[in-house]
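*Asks:* Work out the full structure, taking the sequences as your base and the hints as a guide.
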Amino acid sequence: MRSLTGLAAIAGAASVYLYLLSTHLPPGPKQLQPGSQGEHEEVQEYRLKFPSDLDELRELAEMLKFYKRQHYTYVLLLFCSAYLYKQSFAIPGSSFLNMLAGAIFGPWEGLALACMLATTGSTFCFLLSSAFGKQYVVYLFPEKVALLQRKVEENRSSLFFFLLFLRFFPMTPNWFLNITCPVLNIPMPIFFFSVFIGLIPYNFICVRTGAILSEISSLDDIFSWGTLAQLLAIALVALVPGALIKHYSKGRLKVDGMDSNGISETDMKQERKRR
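UniProt numbering applies: residue 1 is where the sequence shown begins, and numbers increase by one.
Treat the hints as calculated values from the structure; they're not laboratory data. Please read these numbers as outputs of a predicted model, since none were measured by experiment. Fair warning: there could be bad hints in the mix.
[What the hints assert, rightly or not] Ranges of calculated distance between the beta carbons of each label pair, as one might list FRET restraints: (1) 190 - 215: 33 to 41 angstroms; (2) 193 - 22: 27 to 35 angstroms; (3) 62 - 143: 40 to 48 angstroms; (4) 143 - 187: 32 to 40 angstroms; (5) 154 - 6: 32 to 40 angstroms; (6) 232 - 157: 31 to 39 angstroms; (7) 188 - 9: 19 to 27 angstroms; (8) 76 - 55: 44 to 52 angstroms; (9) 188 - 158: 16 to 24 angstroms.
[Stated by the list, open to error] Okay, derived cross-link-like pairs now, SDA-like style, lysine to any residue, Cα gap no bigger than 25 angstroms in a straight line: (10) 134 - 160; (11) 144 - 184; (12) 144 - 189; (13) 68 - 23.
For every residue, glycine included, the Cβ atom is placed at its ideal position computed from N, Cα and C.
*Replies:* Set out below in C-alpha coordinates:
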(Lines of atoms letter the chains of each structure in order from A and count residues from 1; the text may use other names and numbers.)
(Lines give C-alpha, C1' and ligand atoms only; values in the text may rest on other atoms or scores of the structure.)
Protein backbone atom coordinates (compact mmCIF):
# COMPACT_ATOMS: atom_id res chain seq x y z
CA MET A 1 0.00 0.00 0.00
CA ARG A 2 2.89 2.32 0.80
CA SER A 3 4.24 1.74 -2.70
CA LEU A 4 0.97 2.76 -4.34
CA THR A 5 0.74 5.84 -2.13
CA GLY A 6 4.25 6.95 -3.06
CA LEU A 7 3.65 6.37 -6.76
CA ALA A 8 0.32 8.22 -6.62
CA ALA A 9 2.00 11.16 -4.87
CA ILE A 10 4.71 11.41 -7.54
CA ALA A 11 2.17 11.08 -10.37
CA GLY A 12 -0.06 13.68 -8.77
CA ALA A 13 2.77 16.18 -8.31
CA ALA A 14 3.95 15.65 -11.90
CA SER A 15 0.39 16.07 -13.21
CA VAL A 16 -0.11 19.34 -11.31
CA TYR A 17 3.23 20.68 -12.58
CA LEU A 18 2.42 19.79 -16.21
CA TYR A 19 -1.09 21.26 -15.90
CA LEU A 20 0.19 24.56 -14.52
CA LEU A 21 2.89 24.74 -17.18
CA SER A 22 0.45 24.07 -20.03
CA THR A 23 -2.18 26.53 -18.80
CA HIS A 24 0.16 29.51 -18.43
CA LEU A 25 0.74 30.10 -22.13
CA PRO A 26 2.28 33.36 -23.32
CA PRO A 27 -0.02 35.66 -25.34
CA GLY A 28 -1.04 34.06 -28.65
CA PRO A 29 -0.68 35.49 -32.17
CA LYS A 30 -3.00 38.21 -33.34
CA GLN A 31 -5.43 37.30 -36.08
CA LEU A 32 -7.90 39.35 -38.10
CA GLN A 33 -11.41 38.77 -36.78
CA PRO A 34 -14.60 39.97 -38.55
CA GLY A 35 -16.36 42.80 -36.73
CA SER A 36 -19.39 45.00 -37.18
CA GLN A 37 -17.30 47.83 -38.58
CA GLY A 38 -14.84 45.81 -40.64
CA GLU A 39 -12.05 43.58 -39.58
CA HIS A 40 -9.99 44.10 -36.45
CA GLU A 41 -7.12 42.37 -34.75
CA GLU A 42 -7.55 40.47 -31.51
CA VAL A 43 -5.42 37.99 -29.63
CA GLN A 44 -6.40 34.41 -30.27
CA GLU A 45 -6.45 32.17 -27.19
CA TYR A 46 -5.13 28.63 -27.47
CA ARG A 47 -5.75 25.57 -25.39
CA LEU A 48 -3.19 22.81 -25.48
CA LYS A 49 -4.42 19.25 -25.95
CA PHE A 50 -2.76 16.03 -27.01
CA PRO A 51 -3.32 15.46 -30.76
CA SER A 52 -5.52 12.51 -31.74
CA ASP A 53 -4.93 12.67 -35.50
CA LEU A 54 -2.56 14.22 -38.04
CA ASP A 55 -4.70 17.34 -38.59
CA GLU A 56 -4.62 18.17 -34.88
CA LEU A 57 -0.90 17.42 -34.87
CA ARG A 58 -0.30 19.94 -37.65
CA GLU A 59 -2.40 22.59 -35.85
CA LEU A 60 -0.55 22.05 -32.59
CA ALA A 61 2.81 22.13 -34.39
CA GLU A 62 1.97 25.42 -36.10
CA MET A 63 0.93 26.98 -32.81
CA LEU A 64 4.06 25.82 -30.96
CA LYS A 65 6.30 26.91 -33.86
CA PHE A 66 4.89 30.41 -33.43
CA TYR A 67 5.57 30.34 -29.71
CA LYS A 68 9.07 28.94 -30.30
CA ARG A 69 10.07 32.02 -32.30
CA GLN A 70 9.35 34.29 -29.34
CA HIS A 71 9.39 31.91 -26.35
CA TYR A 72 11.88 29.18 -27.23
CA THR A 73 12.71 28.28 -23.62
CA TYR A 74 9.05 27.90 -22.71
CA VAL A 75 8.27 25.63 -25.69
CA LEU A 76 11.37 23.52 -25.03
CA LEU A 77 10.49 23.16 -21.33
CA LEU A 78 6.86 22.31 -22.13
CA PHE A 79 7.77 19.72 -24.75
CA CYS A 80 10.42 18.06 -22.57
CA SER A 81 8.07 17.98 -19.59
CA ALA A 82 5.23 16.42 -21.58
CA TYR A 83 7.53 13.82 -23.15
CA LEU A 84 9.12 12.82 -19.84
CA TYR A 85 5.68 12.64 -18.19
CA LYS A 86 4.40 10.31 -20.90
CA GLN A 87 7.45 8.07 -20.81
CA SER A 88 7.82 7.98 -17.04
CA PHE A 89 4.26 6.80 -16.45
CA ALA A 90 4.11 4.44 -19.46
CA ILE A 91 1.46 6.44 -21.34
CA PRO A 92 1.06 5.62 -25.07
CA GLY A 93 1.67 8.32 -27.68
CA SER A 94 5.39 8.53 -28.34
CA SER A 95 4.86 8.47 -32.13
CA PHE A 96 2.83 11.71 -32.03
CA LEU A 97 5.34 13.41 -29.74
CA ASN A 98 8.23 12.33 -31.96
CA MET A 99 6.47 13.72 -35.04
CA LEU A 100 5.74 16.89 -33.09
CA ALA A 101 9.46 17.16 -32.29
CA GLY A 102 10.29 17.00 -36.00
CA ALA A 103 7.62 19.55 -36.90
CA ILE A 104 8.65 22.05 -34.20
CA PHE A 105 12.41 21.67 -33.87
CA GLY A 106 13.37 20.25 -37.27
CA PRO A 107 14.73 16.80 -38.19
CA TRP A 108 18.10 16.85 -36.42
CA GLU A 109 17.37 18.84 -33.28
CA GLY A 110 14.08 16.96 -33.03
CA LEU A 111 15.85 13.60 -33.33
CA ALA A 112 18.39 14.51 -30.65
CA LEU A 113 15.56 15.60 -28.34
CA ALA A 114 13.48 12.49 -29.03
CA CYS A 115 16.39 10.11 -28.36
CA MET A 116 17.43 11.93 -25.20
CA LEU A 117 13.91 12.24 -23.80
CA ALA A 118 12.85 8.69 -24.73
CA THR A 119 15.91 7.28 -22.95
CA THR A 120 15.60 9.54 -19.91
CA GLY A 121 11.85 8.96 -19.59
CA SER A 122 12.25 5.19 -19.94
CA THR A 123 14.92 5.30 -17.22
CA PHE A 124 12.53 7.21 -14.94
CA CYS A 125 9.89 4.54 -15.67
CA PHE A 126 12.46 1.84 -14.82
CA LEU A 127 13.26 3.55 -11.51
CA LEU A 128 9.59 4.07 -10.61
CA SER A 129 8.83 0.43 -11.32
CA SER A 130 11.86 -0.66 -9.30
CA ALA A 131 10.93 1.52 -6.32
CA PHE A 132 7.15 1.18 -6.27
CA GLY A 133 5.78 -1.36 -8.71
CA LYS A 134 7.79 -4.58 -8.99
CA GLN A 135 5.33 -6.68 -7.00
CA TYR A 136 2.36 -5.24 -8.91
CA VAL A 137 3.96 -5.96 -12.29
CA VAL A 138 4.39 -9.61 -11.29
CA TYR A 139 0.85 -9.71 -9.88
CA LEU A 140 -0.79 -8.19 -12.97
CA PHE A 141 1.28 -10.01 -15.63
CA PRO A 142 2.51 -13.24 -13.99
CA GLU A 143 2.72 -15.42 -17.11
CA LYS A 144 4.28 -12.78 -19.35
CA VAL A 145 6.84 -11.85 -16.71
CA ALA A 146 7.73 -15.52 -16.09
CA LEU A 147 8.20 -16.26 -19.78
CA LEU A 148 10.15 -13.08 -20.43
CA GLN A 149 12.34 -13.97 -17.45
CA ARG A 150 13.05 -17.35 -19.04
CA LYS A 151 14.01 -15.67 -22.35
CA VAL A 152 16.31 -13.27 -20.51
CA GLU A 153 18.05 -16.15 -18.73
CA GLU A 154 18.44 -18.03 -22.01
CA ASN A 155 20.09 -14.96 -23.56
CA ARG A 156 22.03 -13.79 -20.49
CA SER A 157 25.36 -14.11 -22.36
CA SER A 158 24.09 -11.73 -25.09
CA LEU A 159 21.72 -9.71 -22.95
CA PHE A 160 22.45 -6.32 -24.54
CA PHE A 161 21.77 -7.61 -28.06
CA PHE A 162 18.66 -9.43 -26.86
CA LEU A 163 17.26 -6.16 -25.49
CA LEU A 164 18.26 -4.39 -28.72
CA PHE A 165 16.39 -7.08 -30.65
CA LEU A 166 13.25 -6.44 -28.56
CA ARG A 167 13.50 -2.69 -29.20
CA PHE A 168 14.08 -3.05 -32.96
CA PHE A 169 11.35 -5.70 -33.30
CA PRO A 170 8.75 -4.76 -30.66
CA MET A 171 7.52 -8.25 -29.80
CA THR A 172 6.81 -6.74 -26.40
CA PRO A 173 5.58 -3.11 -26.06
CA ASN A 174 8.27 -0.66 -25.02
CA TRP A 175 6.30 0.46 -21.96
CA PHE A 176 6.03 -3.16 -20.77
CA LEU A 177 9.78 -3.65 -21.15
CA ASN A 178 10.39 -0.47 -19.16
CA ILE A 179 8.31 -1.60 -16.19
CA THR A 180 9.44 -5.26 -16.37
CA CYS A 181 13.22 -4.85 -16.65
CA PRO A 182 13.64 -4.14 -12.90
CA VAL A 183 11.80 -7.38 -12.17
CA LEU A 184 14.15 -9.22 -14.55
CA ASN A 185 17.20 -7.74 -12.78
CA ILE A 186 18.45 -5.98 -15.91
CA PRO A 187 21.46 -3.79 -15.00
CA MET A 188 20.78 -0.09 -15.40
CA PRO A 189 23.67 0.63 -17.87
CA ILE A 190 22.55 -2.18 -20.19
CA PHE A 191 18.95 -0.97 -20.00
CA PHE A 192 19.92 2.67 -20.63
CA PHE A 193 22.06 2.07 -23.72
CA SER A 194 19.72 -0.57 -25.17
CA VAL A 195 16.90 2.00 -25.06
CA PHE A 196 19.04 4.80 -26.49
CA ILE A 197 20.40 2.75 -29.40
CA GLY A 198 17.39 0.51 -29.93
CA LEU A 199 14.91 3.37 -30.38
CA ILE A 200 17.03 5.47 -32.77
CA PRO A 201 15.46 4.01 -35.97
CA TYR A 202 11.92 4.39 -34.61
CA ASN A 203 12.58 7.92 -33.38
CA PHE A 204 14.21 8.84 -36.71
CA ILE A 205 11.22 7.62 -38.71
CA CYS A 206 8.71 9.54 -36.58
CA VAL A 207 10.76 12.74 -36.36
CA ARG A 208 11.48 12.85 -40.10
CA THR A 209 7.82 12.15 -40.84
CA GLY A 210 6.79 15.05 -38.63
CA ALA A 211 9.32 17.35 -40.31
CA ILE A 212 8.02 16.37 -43.77
CA LEU A 213 4.36 16.80 -42.79
CA SER A 214 5.09 20.28 -41.45
CA GLU A 215 6.68 21.31 -44.77
CA ILE A 216 4.09 20.05 -47.28
CA SER A 217 1.09 22.20 -48.12
CA SER A 218 -0.77 19.91 -50.54
CA LEU A 219 -1.01 16.27 -51.62
CA ASP A 220 1.11 17.07 -54.69
CA ASP A 221 4.04 17.86 -52.41
CA ILE A 222 3.97 14.30 -51.08
CA PHE A 223 4.76 12.91 -54.54
CA SER A 224 7.58 15.33 -55.32
CA TRP A 225 11.01 13.84 -56.00
CA GLY A 226 12.45 15.48 -52.92
CA THR A 227 9.80 14.07 -50.59
CA LEU A 228 10.02 10.60 -52.14
CA ALA A 229 13.81 10.63 -51.74
CA GLN A 230 13.44 11.53 -48.06
CA LEU A 231 10.90 8.75 -47.54
CA LEU A 232 13.25 6.26 -49.22
CA ALA A 233 16.10 7.37 -46.95
CA ILE A 234 13.85 6.94 -43.91
CA ALA A 235 12.97 3.40 -45.01
CA LEU A 236 16.65 2.48 -45.46
CA VAL A 237 17.62 3.88 -42.07
CA ALA A 238 14.85 1.82 -40.47
CA LEU A 239 15.65 -1.41 -42.35
CA VAL A 240 19.45 -1.59 -42.19
CA PRO A 241 19.92 -1.68 -38.37
CA GLY A 242 17.00 -4.07 -38.02
CA ALA A 243 18.44 -6.40 -40.67
CA LEU A 244 21.84 -6.43 -38.92
CA ILE A 245 20.31 -7.22 -35.54
CA LYS A 246 18.12 -9.92 -37.07
CA HIS A 247 21.14 -11.48 -38.79
CA TYR A 248 23.06 -11.44 -35.51
CA SER A 249 20.12 -12.95 -33.61
CA LYS A 250 19.88 -16.06 -35.83
CA GLY A 251 22.98 -17.68 -34.42
CA ARG A 252 23.27 -16.08 -30.99
CA LEU A 253 19.84 -15.18 -29.59
CA LYS A 254 17.05 -17.51 -28.51
CA VAL A 255 13.80 -15.78 -29.42
CA ASP A 256 11.76 -18.77 -30.57
CA GLY A 257 8.18 -18.72 -29.42
CA MET A 258 7.88 -14.93 -29.13
CA ASP A 259 5.21 -13.34 -31.31
CA SER A 260 4.28 -9.70 -31.92
CA ASN A 261 2.88 -9.46 -28.38
CA GLY A 262 6.01 -10.88 -26.82
CA ILE A 263 4.55 -14.25 -25.85
CA SER A 264 3.13 -16.97 -28.06
CA GLU A 265 0.07 -19.05 -27.24
CA THR A 266 2.23 -22.21 -27.24
CA ASP A 267 4.54 -20.78 -24.60
CA MET A 268 1.57 -19.64 -22.53
CA LYS A 269 0.13 -23.17 -22.52
CA GLN A 270 3.49 -24.68 -21.63
CA GLU A 271 3.90 -22.27 -18.74
CA ARG A 272 0.45 -23.17 -17.40
CA LYS A 273 1.36 -26.87 -17.54
CA ARG A 274 4.52 -26.21 -15.51
CA ARG A 275 2.37 -24.68 -12.83
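*Asks:* All the hints need checking, so say for each whether the structure fits it.
*Replies:* Status of each hint after checking the structure:
no., hint, verdict
1, 190 - 215: 33 to 41 angstroms, "holds (38 angstroms)"
2, 193 - 22: 27 to 35 angstroms, "holds (32 angstroms)"
3, 62 - 143: 40 to 48 angstroms, "holds (46 angstroms)"
4, 143 - 187: 32 to 40 angstroms, "violated (25 angstroms)"
5, 154 - 6: 32 to 40 angstroms, "holds (34 angstroms)"
6, 232 - 157: 31 to 39 angstroms, "holds (37 angstroms)"
7, 188 - 9: 19 to 27 angstroms, "holds (23 angstroms)"
8, 76 - 55: 44 to 52 angstroms, "violated (24 angstroms)"
9, 188 - 158: 16 to 24 angstroms, "holds (18 angstroms)"
10, 134 - 160, "holds (21 angstroms)"
11, 144 - 184, "holds (12 angstroms)"
12, 144 - 189, "holds (24 angstroms)"
13, 68 - 23, "holds (16 angstroms)"
Going down the numbered hints, you'll see the structure goes against 4, 8, while the others check out.
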